[in-house]
Each structure stands twice: as structure tokens, then as C-alpha cells.
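Protein sequence lines, in the order shown, are assigned to chains V and Z. Each residue of the first sequence is one higher than the one before, starting from 1 at the first, in my numbering. Each residue of the second sequence is one higher than the one before, starting from 222 at the first, in my numbering.
Heads up, some of the hints might be wrong.
Said to hold, decoys possible - Keeping only pairs whose Cα atoms sit at most 25 Å apart, straight-line, the calculated DMTMM-like set for lysine to aspartate or glutamate is:
hint, chain 1, residue 1, chain 2, residue 2
1, Z, Lys228, Z, Glu343
2, V, Lys89, V, Asp54
3, V, Lys7, Z, Glu293
4, Z, Lys348, Z, Glu230
5, V, Lys7, Z, Glu343
6, Z, Lys353, Z, Glu230
Claimed, not checked - Not close to chain V: a few residues of chain Z, all C-beta gaps over 12 Å, as computed:
hint, residue
7, Glu343
8, Asn349
9, Ile375
10, Ala428
Honestly, the hints are just simulated from the structure, not real lab data. Predicted model only: the values in this text are computed from it and were never measured. Note that beta-carbon positions come from the ideal geometry of N, C-alpha and C, so glycine has one too.
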Amino acid sequence: MIFSAMKRNGLILAAFAIVATALLMFTQFLTADRIAAQQRNELMLTLTALIPSDSYSNDLYGDCTEVININALGSRLPQPIYRARFNDKPVALAVRTTAPDGYSGDIHLLVAISVNGTVLGARVLEHRETPGLGDKVDARRSDWIYSFTNERVRDASDVRWQVRRDGGAFDQFTGATITPRAVINAIQRTVVWANENQQRLFAAPTQCSNNTPMPEELSHE
Amino acid sequence: MSDMNTKNEFKALARDGLWENNPALVQLLGLCPLLAVTGTVTNALGLGLATLLVLMGSNITVSLVRNWVPNEIRIPVFVIVIATFVTFVELMMHAFTYGLFTALGIFIPLIVTNCAIIGRAEAYASKNPWHKAGFDGLVMGSGFALVLLLLGAIREVIGQGTLFDGAELLLGDWAAGLRIELIQFDYPLLLAVLPPGAFIGMGVIIAIKNIIDRYQKEKDAKSPVEKAQRVRVTSQ
Numbered sequence: 001m002i003f004s005a006m007k008r009n010g011l012i013l014a015a016f017a018i019v020a021t022a023l024l025m026f027t028q029f030l031t032a033d034r035i036a037a038q039q040r041n042e043l044m045l046t047l048t049a050l051i052p053s054d055s056y057s058n059d060l061y062g063d064c065t066e067v068i069n070i071n072a073l074g075s076r077l078p079q080p081i082y083r084a085r086f087n088d089k090p091v092a093l094a095v096r097t098t099a100p101d102g103y104s105g106d107i108h109l110l111v112a113i114s115v116n117g118t119v120l121g122a123r124v125l126e127h128r129e130t131p132g133l134g135d136k137v138d139a140r141r142s143d144w145i146y147s148f149t150n151e152r153v154r155d156a157s158d159v160r161w162q163v164r165r166d167g168g169a170f171d172q173f174t175g176a177t178i179t180p181r182a183v184i185n186a187i188q189r190t191v192v193w194a195n196e197n198q199q200r201l202f203a204a205p206t207q208c209s210n211n212t213p214m215p216e217e218l219s220h221e
Numbered sequence: 222m223s224d225m226n227t228k229n230e231f232k233a234l235a236r237d238g239l240w241e242n243n244p245a246l247v248q249l250l251g252l253c254p255l256l257a258v259t260g261t262v263t264n265a266l267g268l269g270l271a272t273l274l275v276l277m278g279s280n281i282t283v284s285l286v287r288n289w290v291p292n293e294i295r296i297p298v299f300v301i302v303i304a305t306f307v308t309f310v311e312l313m314m315h316a317f318t319y320g321l322f323t324a325l326g327i328f329i330p331l332i333v334t335n336c337a338i339i340g341r342a343e344a345y346a347s348k349n350p351w352h353k354a355g356f357d358g359l360v361m362g363s364g365f366a367l368v369l370l371l372l373g374a375i376r377e378v379i380g381q382g383t384l385f386d387g388a389e390l391l392l393g394d395w396a397a398g399l400r401i402e403l404i405q406f407d408y409p410l411l412l413a414v415l416p417p418g419a420f421i422g423m424g425v426i427i428a429i430k431n432i433i434d435r436y437q438k439e440k441d442a443k444s445p446v447e448k449a450q451r452v453r454v455t456s457q
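Looking at chain V on its own, in the form it has when it is part of the complex (with noise of 0.2 Å):
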């Protein structure tokens, strides 16, 4: 008696799954081409604000590739690097990063920096820090982002690139001084290591797997 209706049960359970699995495969494979188109405008358009688009004639996005340096981009994953070139001239890299010391947890940068070293510009793509405090690195928060805009960085021991607090060029906010501190280190050791770096970055094969702005891995908490 009983496992007949185990049977039945399960089986109708089985069903349930098996319908509810092949509509929810249907609508990813539909949404899948717009979810990464989706993406890969987001990261053009963070891309295009850094670079600027008269600058460069080649598809930034796609001549790109992976670098994995948990010292210079905080992160244990491939990071992806763009590669801006005029007629083959090497223009400029946009380098994804990460501070790993934020306030709370990761935060996820594209810092743009031209051939000559100068920092082109950087974004914050993804953070959780806190709303009214350490969210000013956000650019939809505040201009403080901006402030990197056209600096240099000299070396890794750069005074210059630290908070006003700590005797640096660049504002902390009040009431956080560890989220601006953790940009800009983390935006520091990016750009030294990528000028250190920059004929072997413009030279590495065009290779992307993971090419997406924000993986999803790395929002895990």
C-alpha cells in the first residue's frame, strides 16, 4: 500500500521537476544572448567613460586577456585586461582589479591606464560597501572616483597615494576612511605593476574565457 503510493507520489514529483526544468532552461537559453550583451554594454560603457573612444581603432572589448596576480589584483581569479590600440600602436590598458580589503568584502575595479602611465580614469564595478558612508566610490554616489583622473603614480611606496588622513593627495570621506583607503591602494599596485608590465600585456595572446564584467563567483558571501 504504502509503496505504491511512494510511487505515485514520487513519480508526480518527478514530473513537477522535470516540467518546471525544461521551462526554466527554455527561458535561460532565450534570455541568454541578451544577459551577456547585457553585460558586455555595462563593461563598454565603463570602458568608453576611461578611454576615450577617438583614441583607440581596434574592439576593445574583444582584445582582451587574463592575468591571475593575487599581489597586484587582489584576487585569487583571472582577471581580464583591455587593450586599446591605434593601428596596432598600443594606446592604453583597462585592468580589472580588486581591493580585497574593503569594508565589507571585495571591491571590483576597472582602472584605465595610458601608455605614457598616466591613469586614465577608474570605476568602481561592483562593492557592498555602506550606503551614505563607504558607497562614494561609487560613481553614481560621488565625484570622489574622478579624483584619479590623469594622476601618476611614481612607485609602490608613493606618498601621494595614500588618504589626506594618512599625509596622501586624495580625500577620505567622514566616518570611512577604509573603503577610500582600500581604492586606492588597490588602484596603486595596478597601475605600477601594469606599466611594469605594459609590453608584456600588449603582447599576451588575445584570450578571454570568463569575459564578463561581474562573475558571478565572486559575489559569493
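Position chain Z against the provided structure of chain V, taking the given hints into account.
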């Protein structure tokens, strides 16, 4: 008998969902997403609409399959139905409202854990025909969404001095003009934006609802002939 009765039934359902048995204010269900995302009106509207869609979809589906689902396995089936709708909505938001998707982040999958949804599936949709279940989902979802909006508005005004900040993420570029700057703060009231502000705001809203209810009751008591006694349907 039918026409008048149905109309009254729908009226009673609407009254229940929006006020008497409001999922957020009376049943106190779905507090996790409610308190977490109501920092701005835009976020509240986004999650409110997503919850409304899921609730309607799950209510209608549960009602349609109710005769094929044996009693013993109804809960797992409800969970499958709800999870499917949530994933569907999540994929759709990811594809069509990307900015809002990044803003709402982990709270979309959390709609699955909104007990208001499985609560309605169990308490109403599994016992009633699909059009009634759908309407129940609509009003319950609206009741939930309205509370989200109210709380979002209160917290946004106090915490940021704005309304509809970031509406373009949800509604497209034209909505950027909806943003209203009400107050300019040098130091916004952070408490309103942080989770404790959500709890305090929620408490104030529930208190106000109770005051209105009591006022209404006293008014009814003074003139008892006017209306027949309503049965108050609250479970907790």
C-alpha cells in the same frame, strides 16, 4: 446567487490583501526582503513588482494543478512552482533591467523565502479556482508592494532627501527626470538607510495602521446598525 456573491468575494479578497490581512503589516511575512531593499523607492518598486509577479504566477499555477497534487507532496510541489517563477523573474530582470538587477542583487533569489508566497499557496490558492487565486495573488502582492513603497519613500526622504533616485535603472532613461530632490543634507541621516531604520520605519507604519483600525472600530461601535460585523481574518 452567483454574480453578486462573486463580486462580494472579490471585494473581500481585495480588502484582505490590501488592509485587513496585509502580508507585510498584519501577517508580518516576507520581512527579510522587505527590510533589506527598502532603502529607496526604486528598489522597493522593483522588488515589489517582482514579488507581485511571482505571487500571481505561483497562485494561478498552484490553483490549476491543485487537483493533481496529492496532499502529502503538496509542499514540495509548491516550492518547485515558486522557485521556478522566481528564477524566471530573475532571468528576465537580468536580461531586461540590468541596472536594477545589480542594485537588488541577492534579494531576488530571496523572494523564494518570502513566506507570504508559500503561505498564500497553502492557505488560499490550493483550495480555490484559478481566477480567484490569481486575484488573491494580485491584491496580496499589491498590499506587500505598497508597504515596500511606503517604507522605501520614508527611508529615502529621511536618509537621502530624494525620491525616485535611480528610477531610470528600473523604468528606462526617461525616468531619470522623476528624481525629486526634496532636502539637501550635508550629512544624511544614515540611520534611515541602515537596517535599524527599516525596523523603526516598519514599526511606525504598523503602529499607524493599528491607530486607524482602532479609530475605525470605535466609529463602528458607535453606530452598530450601519454595517454588519466583519470577521477579522488574521492567523497570527
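Okay, the hints, checked on the actual structure:
1. Distance restraint check for Z/Lys228 and Z/Glu343: the Cα-Cα separation of roughly 23 Å lies within the 25 Å cut-off, and the hinted pair is therefore satisfied.
2. A distance of roughly 14 Å separates the Cα atoms of V/Lys89 and V/Asp54; the hinted pair therefore holds under the 25 Å criterion.
3. Of the pairs offered as hints, the one joining V/Lys7 and Z/Glu293 holds, with about 12 Å between alpha carbons and a cut-off of 25 Å not exceeded.
4. Between Z/Lys348 and Z/Glu230 the CA atoms are separated by roughly 14 Å; this keeps the pair inside 25 Å, and the hint holds.
5. Under the criterion of a C-alpha separation no larger than 25 Å, the hint pairing V/Lys7 with Z/Glu343 is consistent with the structure, at around 24 Å.
6. For the proposed pair Z/Lys353 and Z/Glu230, the alpha carbon gap of about 9 Å is at most 25 Å, so the pair holds.
7. No Cβ of chain V approaches the Cβ of Z/Glu343 within 12 Å, the least distance being about 16 Å, so the stated non-interface status holds.
8. Residue placement check: Z/Asn349 keeps its beta carbon more than 12 Å from all beta carbons of chain V (closest about 20 Å).
9. No beta-carbon of chain V comes within 12 Å of the beta-carbon of Z/Ile375; the shortest separation is about 15 Å.
10. Consistency note on Z/Ala428: stated as away from chain V, and its beta-carbon is indeed over 12 Å from all of that chain's, at 25 Å minimum.
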